[in-house]
Every structure is written in structure tokens, then in C-alpha cells.
Amino acid sequence: MMREINASLITETIARLCVEANRNLPGDVCAVLHRSAQEEPFAPARDILELLVKNEGIARESCMPICQDTGMAVVFAEVGQEVHIAGDFEAAVHEGVRRGYVDGLLRKSVVADPLRRVNTKDNTPAILHTRLVPGDRITLTVAPKGFGSENMSRLAMLTPAAGVQGVKDFVLETVRLAGANPCPPMVLGIGIGGDFEQVAELAKRALMVPLDESNPDPFYAELEQALLSAVNETGIGPQGLGGKTTCLGLHILQKPTHIAGLPVAVNVSCHVTRHATETL
Amino acid sequence: MKKLNAPLSREDALSLRAGEHILLSGTVYTARDAAHLRMLELLREGKALPVELEGQVIYYAGPTPTPEGKPVGSIGPTTSVRMDAMTPALLAQGLRGMIGKGGRSPEVVEAMKAHGAVYFAAVGGAAALMASCVTALEVICWEDLGPESVKKLTLKELPLVVAIDAQGNDAFRLGQAEYLEGIRNSEFGIRN
Numbered sequence: 116m117m118r119e120i121n122a123s124l125i126t127e128t129i130a131r132l133c134v135e136a137n138r139n140l141p142g143d144v145c146a147v148l149h150r151s152a153q154e155e156p157f158a159p160a161r162d163i164l165e166l167l168v169k170n171e172g173i174a175r176e177s178c179m180p181i182c183q184d185t186g187m188a189v190v191f192a193e194v195g196q197e198v199h200i201a202g203d204f205e206a207a208v209h210e211g212v213r214r215g216y217v218d219g220l221l222r223k224s225v226v227a228d229p230l231r232r233v234n235t236k237d238n239t240p241a242i243l244h245t246r247l248v249p250g251d252r253i254t255l256t257v258a259p260k261g262f263g264s265e266n267m268s269r270l271a272m273l274t275p276a277a278g279v280q281g282v283k284d285f286v287l288e289t290v291r292l293a294g295a296n297p298c299p300p301m302v303l304g305i306g307i308g309g310d311f312e313q314v315a316e317l318a319k320r321a322l323m324v325p326l327d328e329s330n331p332d333p334f335y336a337e338l339e340q341a342l343l344s345a346v347n348e349t350g351i352g353p354q355g356l357g358g359k360t361t362c363l364g365l366h367i368l369q370k371p372t373h374i375a376g377l378p379v380a381v382n383v384s385c386h387v388t389r390h391a392t393e394t395l
Numbered sequence: 418m419k420k421l422n423a424p425l426s427r428e429d430a431l432s433l434r435a436g437e438h439i440l441l442s443g444t445v446y447t448a449r450d451a452a453h454l455r456m457l458e459l460l461r462e463g464k465a466l467p468v469e470l471e472g473q474v475i476y477y478a479g480p481t482p483t484p485e486g487k488p489v490g491s492i493g494p495t496t497s498v499r500m501d502a503m504t505p506a507l508l509a510q511g512l513r514g515m516i517g518k519g520g521r522s523p524e525v526v527e528a529m530k531a532h533g534a535v536y537f538a539a540v541g542g543a544a545a546l547m548a549s550c551v552t553a554l555e556v557i558c559w560e561d562l563g564p565e566s567v568k569k570l571t572l573k574e575l576p577l578v579v580a581i582d583a584q585g586n587d588a589f590r591l592g593q594a595e596y597l598e599g600i601r602n603s604e605f606g607i608r609n
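Those protein sequence lines, which keep their order, are chains A and B.
The first sequence begins at 116 in the working numbering and counts up one residue at a time.
The second sequence begins at 418 in the working numbering and counts up one residue at a time.
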């Protein structure tokens, strides 16, 4: 027996999640930000982190977007195999983004064509990743992504011989090239393995892993720790003006890959690593 | 903390040092990628710019829509490097200051030194906080660009860092070196 979910419910939910994600920093990111402001040893850096803490509070209390770049709406949908959707699912998602951004007074940052660049004026289309899963529920996550940090993201097809060191070097090189541009302190999502397009999606999904969790595989958990320490030894600091707090946290998601390859992707994000989820 | 009022005089600009934290009040104009392209097109055609740039400060920012009862939506800086290729031409028009985030190209720094201009870093991502430092907003031109239109902002004590001063000193390089030097000399005690 299929459970029926109306497309209009998907639209309403997406609209609400767009607004919520842009106003409220997730609890795990908030906690690390507050802690880093207390633990940062370099006084000028501490001043900047305190402004970010203050900003987060103002956004939440005055219902304002945390950052003016309210992003492209990246939507992850996990659709239960036993759900029947009444209506057009993808159209419902885009309509939700349109309503969320127009009614929620979020910035419209999407152009209809990458070269002719005319603003769509409603922040559509969303970037939609849909997975079929067992069950009769739909889980929707909206993760608005700003492009100050997105522009600093990189992907490499390393050789298998490059190994762990090659991955470390590529991540560190990406951080150094990014420097002050992605509004550090950053959050990094790292994908390793799969193929060209899967590794990029892994990196994006890694940004949504709670910062207080680590990779369930001890080998990768250790690599996450080593990378975080190395990134926070660069001295880039908040806004690139020097300090310890270059990165609030990072996660690795790994997948099987080809005998000839070692794909690596680093999705750079800022302290405004936003996402809001609801299950229908 | 030093307080400054925009527009800025050449002396104001020359008095600032990289790494200094300041509070900026007065009038500034927003312009980002698309508005810069249009300004350069006007200059190429020998036409007047929408704003006389002498002494002015440009804020690289595209705010969220203005909520009812507030002067402005969230308004933080965008990445300055995207404006680099178009900046020397505006500095030659008398532009005195820029507000953004991230570093600048050697060409921009040279033009800043030649014209006595200063580049400020605002705190990227602190856009709701910065909205509380804007008391008025007026769209000047190119409304079709939406968030990228040129807007006149009235500021009250916007917190900024002098990122690159008119002598070409770079607070990113200096700050990172100072921090790393401090770490080497264990100046930060138990916090590490």
C-alpha cells in the first residue's frame, strides 16, 4: 500500500526550510564557533570571531539572513520507495525554492545562463539530488550554498601512487589558494574515491555531517584529525588576517573507486554552513 | 578605535595603517561585478559615471531585500578579487576606498599607492550585524541588476579592518606572519 504525499506539501516544506536554513546557524556549527572565539589565542582574530558570534545572534533574534549571500538552494531528497507523490515532484521543489526566496526576502543570486547572465529573479532553479530509499517517508534537506566559498572549491584526479600524502597535499594547497577569499573560518567537505562526478557530490554531502561527529572508519577519522590540525597550522586565521581558527571542522566521505584512479574533491564552505532538514 | 567619515580625503587614506581596526560612518556606494562592468563601459564610451568617484568609497556588496520597517537587509562583503581587473580604472577616477573581503592583485595595490587609496576588509558572513550599521539605503541606478544595483548607503560605525593601506602594506600577510611568529615564540601561553 503506497503512502500518498501531495506535491504541495513538498513545496511548503522546501519554502520553510529555505528561510529557516538562512536565518539559523545549525547547533553544531554554532557550538564550534562559540568555542573557537574563546580558544583563539591571537587577539585580533578573537575580535573577528566575536563579531561572527554576535552576528549569528542578531540573525536568529531579528529573523534576518546570517549572510547576504543566501546561496543557491542545494536540495537533497530521500524519497521512500513506498511513497506515491501526487503531482510533479521536481516542479514542487523548484516552486518551494521560489516561494522561500521571494516571500522570505532572501537574495536572488541565480542567473538563467552561465554566460549570458540574466537573473532569474526568484533564485530558481534549485540544485536537486534525489535518492530512492526504503520506506514510506520523504526527507528533505535544504543546504543553501554561497559562492564566495564555492568558488574556492577544487577537484583533482590523483594517481593511486599519490596516496594519503597526495590527498593531504591537495587539501592544504586548496586551503592556501583559498586564503582569505572564502570568509574563513571555513568548513571543508572532502570527497575521496568514486568517479569524477561522484567525488564532487561526496564533498558536498560531507559539509552536512555534524561537526561533532567523525568518520566511522578509524583510518579516515585519523586523517580528518590530521588534516584539521594541518589546516589550522597555516596561520590564515579568521578572514585571512592571521590566527589559529582557519577551519571550524572538516569531514571526509569516501567511496570505492577504479584501480587506476584516486579522485579527490574539496568543497570549501564558510562558517555559514547552513542546512535544514524535515521528514514528511 | 579610530572613527572615520566617508567620503574620505587623501589625508584620511594616507593616515591609515594595515591591520588597524576602524569604525566607518558617512556615505558609501555599493557596486559589484555587474555594476563594475557597466561603469567600465561608460568610461570606455567617454560618458559620466552615475556617481562622481572623487573621494568616494565603494562597498562590494549585494544585500538581501529590505524588510518592512528596516533600512536594509543583510549586507556583508563579497570577494573583492573579482573586481580587481576593473579597479585601477576607477582608482584613476579618484576612488578613495573599497570595502570587501579577501586579498587584491598586485596591479590594484600599485594603483592604490599611485592614487592614495585604501582597501578595507569587512567581516565576511557578518551580514546581519552589518545591517545594524546601515541607517539608510537609496538605489542610485541600474535597478534591473537587482541585488547588484548601485545603492547609496548611510553608515553608522561599520567595523572594518584596514586590509591594504595606501603605502601597499598588506594586513593579510602581516597578520598571518605575526600570528605564526607568536606561535614559534610561544607568546600565546596556555591557550595553545
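There may be inaccurate statements among the hints.
Said to hold, decoys possible - Have a look at the derived ranges for each label pair, beta carbon to beta carbon: (1) K464/B / P229/A: 24 to 32 Å; (2) E574/B / V279/A: 31 to 39 Å; (3) S522/B / T274/A: 49 to 57 Å; (4) K370/A / R427/B: 53 to 61 Å; (5) D327/A / E598/B: 13 to 21 Å; (6) T392/A / P467/B: 42 to 50 Å; (7) D327/A / P484/B: 30 to 38 Å; (8) A506/B / D237/A: 51 to 59 Å; (9) P371/A / I557/B: 53 to 61 Å; (10) T392/A / S522/B: 53 to 61 Å; (11) P467/B / P229/A: 21 to 29 Å; (12) D332/A / E574/B: 22 to 30 Å; (13) P467/B / E312/A: 41 to 49 Å.
Unchecked claim - Calculated pairs, EDC-like style, for lysine to aspartate or glutamate (alpha carbon to alpha carbon, straight line, at most 16 Å): (14) K223/A / D429/B; (15) K236/A / D561/B; (16) K236/A / E560/B; (17) K487/B / E176/A.
To be verified - Every beta carbon over 12 Å from chain A, so not counted as near; a handful from chain B, in silico: (18) G443; (19) L454; (20) V468; (21) T481; (22) S497; (23) P505; (24) A509; (25) E527; (26) I557.
These are computed hints drawn from the structure, not numbers from a lab.
Treat the numbers as computed from the prediction; the structure is a model and nothing was measured.
C-beta atoms are modelled at their ideal positions from N, C-alpha and C, and glycine is treated no differently.
To see whether the hints hold, each was checked on the structure:
Remark: the range hint 24 to 32 Å for K464/B to P229/A is upheld by a beta-carbon distance near 29 Å. Hint check: E574/B to V279/A, Cβ distance near 49 Å, so the stated range 31 to 39 Å is violated. Take S522/B and T274/A: their Cβ atoms lie about 33 Å apart, and the range 49 to 57 Å is violated. Between K370/A and R427/B the beta carbon distance is about 58 Å. The supplied range of 53 to 61 Å therefore holds.
Checked against the hint of 13 to 21 Å, the pair D327/A and E598/B fails, with Cβ atoms roughly 32 Å apart. Take T392/A and P467/B: their Cβ atoms lie about 44 Å apart, and the range 42 to 50 Å holds. Checked against the hint of 30 to 38 Å, the C-beta distance between D327/A and P484/B comes to roughly 33 Å, which is consistent with it. The hinted range of 51 to 59 Å is not satisfied by A506/B and D237/A, whose Cβ atoms lie roughly 34 Å apart.
For P371/A paired with I557/B, a C-beta distance near 55 Å keeps the hint of 53 to 61 Å intact. Range check, T392/A to S522/B: about 41 Å between beta-carbon atoms, so the 53 to 61 Å window is missed. At about 27 Å, the CB distance of P467/B to P229/A agrees with the hint of 21 to 29 Å. Between D332/A and E574/B the beta carbon distance is about 50 Å. The supplied range of 22 to 30 Å is therefore violated.
Look at P467/B against E312/A: about 43 Å separates their beta carbons, and that is inside 41 to 49 Å. A threshold of 16 Å between alpha carbons decides the hint, and for K223/A with D429/B the separation of about 36 Å lies outside it, so the pair is violated. Restraint check: the Cα-Cα separation between K236/A and D561/B comes to about 10 Å, which is no more than 16 Å; the hinted pair holds. Under the criterion of a C-alpha separation no larger than 16 Å, the hint pairing K236/A with E560/B is consistent with the structure, at around 12 Å.
For the given pair, K487/B sits about 14 Å from E176/A by alpha-carbon distance, which is consistent with the 16 Å threshold. Every Cβ of chain A is farther than 12 Å from the Cβ of G443/B; the closest lies at roughly 21 Å, confirming the non-interface assignment. With a closest Cβ-Cβ approach of about 10 Å to chain A, L454/B is found to fall inside the 12 Å limit, against its non-interface label. V468/B, annotated as away from the interface, keeps every beta carbon of chain A farther than 12 Å; the closest lies near 21 Å.
Its closest Cβ contact with chain A, about 4 Å, brings T481/B to no more than 12 Å, contrary to its assignment away from the interface. Residue-level check failed: S497/B sits 9 Å from the nearest beta carbon of chain A, not beyond 12 Å. Distance to chain A confirms P505/B as a non-interface residue, since its nearest Cβ pair spans about 20 Å, more than 12 Å. Taking the minimum C-beta to C-beta distance to chain A, about 25 Å, the non-interface status of A509/B holds against the 12 Å cut.
With a least CB separation of 19 Å from chain A, E527/B remains clear of the 12 Å interface cut-off, as annotated. Against the 12 Å criterion, I557/B stays outside the reach of chain A, whose nearest CB is about 18 Å from its own CB.
Comparing the model with each numbered hint stated earlier shows that hints 2, 3, 5, 8, 10, 12, 14, 19, 21, 22 do not hold.
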